[in-house]
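> Chains B and C: place on chain A using the hints.
Order-wise, the sequence lines are chains A, B and C. Sequential numbering of the first sequence, starting at 1, is according to the working numbering. Sequential numbering of the second sequence, starting at 1001, is according to the working numbering. Sequential numbering of the third sequence, starting at 2001, is according to the working numbering.
Note that these hints are calculated values from the structure, not bench results. Hints may contain errors.
To give an idea of the interface, some chain C residues facing chain B are shown, with a C-beta separation under 7 Å as derived from the structure [stated by the list, open to error]:
(1) Ile2275
(2) Asp2276
(3) Pro2307
Glycine residues also receive a C-beta, built at the ideal position from the N, C-alpha and C atoms.
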Amino acid sequence: MGEKIGVYVCHCGSNIAGVVDVEEVARWAKEKFPEVTVSRDYKFMCSSPGQELIENDIKDLGLTRVVVAACSPHLHEKTFRGACQRAGLNPYFFEMASIREQVAWVTKDKLQATIKSKALVDGAIRRVINHESLEPIKVDITADTLIVGGGVAGIQAALEIADSGSHVILVEREPSIGGHMAQFDKTFPTLDCSACILTPKMFDIGNHPNITLLTWSEVESVDGYVGNFEIKIRKKARMVIEDLCTGCLVCQEKCPKRVIDDVYEVGMAKRKAIYVPFPQAVPNKPVLDTENCTFFQTGKCQVCQKVCPTGAIDYEQKDQLLEFKVGNIILATGYDLFDARRIPQYGYGKLPNVITSLEFERLTNASGPTNGEILLADGRKPETIAVVHCVGSRDKNYNEYCSSICCMQSLKFAHLAREKTGAQVYNFYIDIRTPQKDYEEFYNRILDEGTLFIRGKVGEITNIPRTAEEEGKLIVQAFDTLAGIQRRIPVDLVILSAALEPRSDSVEVGKLFGIACGAQGWMIERHPKLDPVATMTEGVFIAGCAQGPKDIPASVSQGAAAAARVISKIQQGQVLLEPIRASIDENRCSGCRICNNLCPFTAITFDEIKEVSSVNVALCQGCGTCVAACPAGAISGTHYSDKQILSQIEGILDPALQLSK
Amino acid sequence: MSDNPNNQFEPLILGFTCNWCSYRAADNAGLARLKYPPNIRLIRLMCSGRLDPQFILKGFAEGADGVLVTGCHPGDCHYVEQNYKTMRRFKLLHKTLDQMGVKRGRLKLVWASAAEGMILANEIEKFVEEVRQLGPLNWPKWDKPLEVVADYEVVVEEK
Amino acid sequence: MSTNGKPKFSMYWAASCGGCEISVLNIHEKILEVDANFEVVFWPVAMDSKYKDLEAMEDNSILLTLFNGGIRNDENEEIARLLRKKTQIMVAFGSCATEGGIPGLGNLGTMKSIFDTAYFGVSTENPEQIYPKTSFESQFGQLHLPKMYPVLRTLDQVVPVDYFMPGCPPEPHQIGAVIDLVIQVLNGKAELPPKGSVIGAGTSTVCDECKRTRTEKKIKKFMRIQDVERIDPEICLFDQGIPCNGPATSSGCDARCPAVGAQCIGCYGPAGGVIDYGARLMSAFASVIDSNDPDEIESILESIPDPAGQFYRFNLAKSLLRSSKYAWKGE
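The following block holds chain A by itself, in its conformation from the complex (with noise of 0.2 Å):
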């Protein structure tokens, strides 16, 4: 059957106009093609009366394909599928030739470009005659969510979604949720209490009808596609009975073994070998630690069972694989802290005096190992203290991203240390970014307060002396680049503004969901500045410092941003997914196992049985890697094959078309 193609060349006012003969092309393409039914230029084919030209030429001449010759098919393959699908052609009937971005505005020679355009409509036309027709690929969700991560982005996605009615299933790898959060004491630039802040949401989460959750635990498996996920979580034993254990924590105020808590007290303090990690840990169950009980390491003891008023600790208890479906994943899996061993002219691990950002969040947390007063490993009170800034952070040798948190948590450090000791605070930068709400008024605050601000990056910190004024000090060693001169300041505690890092397996976690984590680590969201909380794997969201380093309002923001975009999805109940997909003709497949290791997306499977592979279609994100690599042909790829490929080769590169000499 002989075709019947609308041509439409778009003047674009004088984009394209002004540098293609615009009228000339469409001349052309009605003259060369038999197929071409008609052929027009129009100033705005974008516009209104632009698409109502297509409309009614499809109505009126019943044309079966169409090509626009515009701009960018970023900018209005949509527009123009959706004037198609509007006067009932299939909106896949539809190619779009590129003549403004990649003609008009960049070819100086007006002759070579309307020769150009030509060749691209070419393509187009040939293209366009052996297109299928094609339905969106409908997938029901189901409404239940799984998010990984009980930080505070994933505490606030899971708050969102579960109070819209829909069930979470929230997993987190520590014996509580709370994540890096719970470790703080006070917030910038506001300065309330951390924990004030964040207990009730948990507690929330705790109670809440439609979440479960699941601590102590790590996702195994995860198999399927949007709507219709199949999730294995490992359960890992707690040695804890929960349905019995009412929180009572007897257990672990009579456990005799100590043990470093290199967790949330970041080794700075200890805690039992039965434990919960905090007071308003949720649930407040506590979780037995095998490795350094010593009735698992010796075989004796078994106090916390004898003390157990309900009988809840069991020693047989082993792990449980957990099966779910779910709809949609939000992870929130949150950021490593930089290693500062890694820098070691700072001393970090060698000089005592010498801590963490997060360390000293314990330190200064009334709840921590001092009760809060910041005190040195001897048991002084701090006269001078440096905050270093981007340790870790914006150094090549490291990490060239800026951490994003460390400006606004090192001028809290300066505020709490000179609150709480009166000492002199000198804060070493690079530059000061306060680009929130708020924090640049912080900045002026901290700055009035008298803190002391030297502009350059410490090369070094030593305890030895030059100077009878350095003795018993820390020396922190630095280029003052406003003044232009090298400093030596001596002080008795320094805080290193330690960089956030993505998750030492971040790689594999994103693998897991088949999502990629970028150079750095950071998981990719789908689109920087557009669509900043999905990713390329449809149903797959991702929230907080997973996606890159940010502060609380950022990530709670992104907590619900991604909660918003699951609740829609529920409320749609199904999913639309784009037909661009491969397909495996199975009488042609001879079940070589070529194509089974080259999805990432795990969409092709391979049945013993039959010995053939299979494509799952909602796991196929359509790239056309496999219909590429099938030995046997077997493998096609809808809107992009073969034939279609082929015939657009031809189009462009006809001998008719050359440049002119």
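Then chains B and C, alone, in the frame of chain A:
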């Protein structure tokens, strides 16, 4: 150089772009009104991973003097890692084409992110010049009689 | 041979090795059915016949011609055209006629290089340095030798072909099946497949018929089969790093080579719908190279020293490029 007859020759270049990075780089070059030679004609694929070596061979067989393959930078692939597969295929095809008498300079791989319109435009300009210096490829249209397509002499003659 | 009203059959041998003819004889007793159902009118390798006799026949008077060999010289072309004129069903028989086959590899080099190799190569004893001529004055008058073309063409690149039958040579059981089919058609019991079809082959690839166990593919090095210390008899040869062309090659041969531990070299040609066999293979091979490092990829590719030979062994003349540039430029 000025004596080179190829200086007068306008090469025909076929280019392949991916939907997410290099096609957008072309958009970006347009938005910035960067000028580059009109010898290149781009085809959009969803991913450079879709680039079947057949398309490149087809390009040469249909009269392209050079073929430019473009995609997202390694590690930045919209589809996680598919451009590595492009890289592998490109290298193998390069090697085979070399054996077939298609000089390596006629096939080029360029990574360009969506923001790198400038890089893409510069690479196109460079590539057009490189192919211009190599001269026309003129792969035969085989549907014509052999006497027309090939510059051969009958070697079966008296020696 | 009598003119007994039986449909006429012919077979011809152009640029090929003769294996196809032997393969026809390999169908054993079935050859008697050929004789029972056909009158063999032209088959130079099996009976005495002259081109003049062929010329004298009426157009379309031969029902079936099995044409093997590619078109490498003007004699090949002349007889191909002549047989086409005289034949109703023209079958490109075997790899060479279908896709060029081994003689098609000559399309990688120039005519001169081919002649030099043939007449002065290490395997040729030619102390008088004789070089062939297209015409020669003999005691019987002027003699002519066929004129060689710069490239080998497949049969369908010269004349229209009704059916393609791949294989180097086609397997006897496939030949038998095709003969059965034609006889059934003659008796009105079956219909011929659509013109242009591949016959005597499967619809899938060699892997489909191969009994070896396959896993997901990740290749760190390709190895020549003679360099493999011990070939596992159960596991897919490709998975063992042996560059087996089975995944891209049409089924129909019962995977005879892989069954005995030799990799498929692709004589049954591309699977249906594939435009360029070698390109498909290259894409597949490269895709499963297990490295993202440019230098490592290069070094893995070094283990394929002759890519054109690996990927286009039988298919070069039918590929998109058809020949190397050297062949048609004469350089």
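> Given Asp2276/C as an interface hint, is its Cβ closer than 7 Å to any Cβ of chain B?
At 5 Å from the nearest chain B Cβ, Asp2276/C passes the 7 Å test, so the hint holds.
> Under 7 Å is the threshold here; is the Cβ of Ile2275/C close enough to any Cβ of chain B for the hint to stand?
It holds, given that the least Cβ distance between Ile2275/C and chain B is near 6 Å, below 7 Å.
> Answer holds if the nearest beta-carbon of chain B is closer than 7 Å to that of Pro2307/C; otherwise answer violated.
With a minimum Cβ separation of about 4 Å from chain B (threshold 7 Å), the hint on Pro2307/C holds.
The structure is consistent with each of the numbered hints, conforming to all of them.
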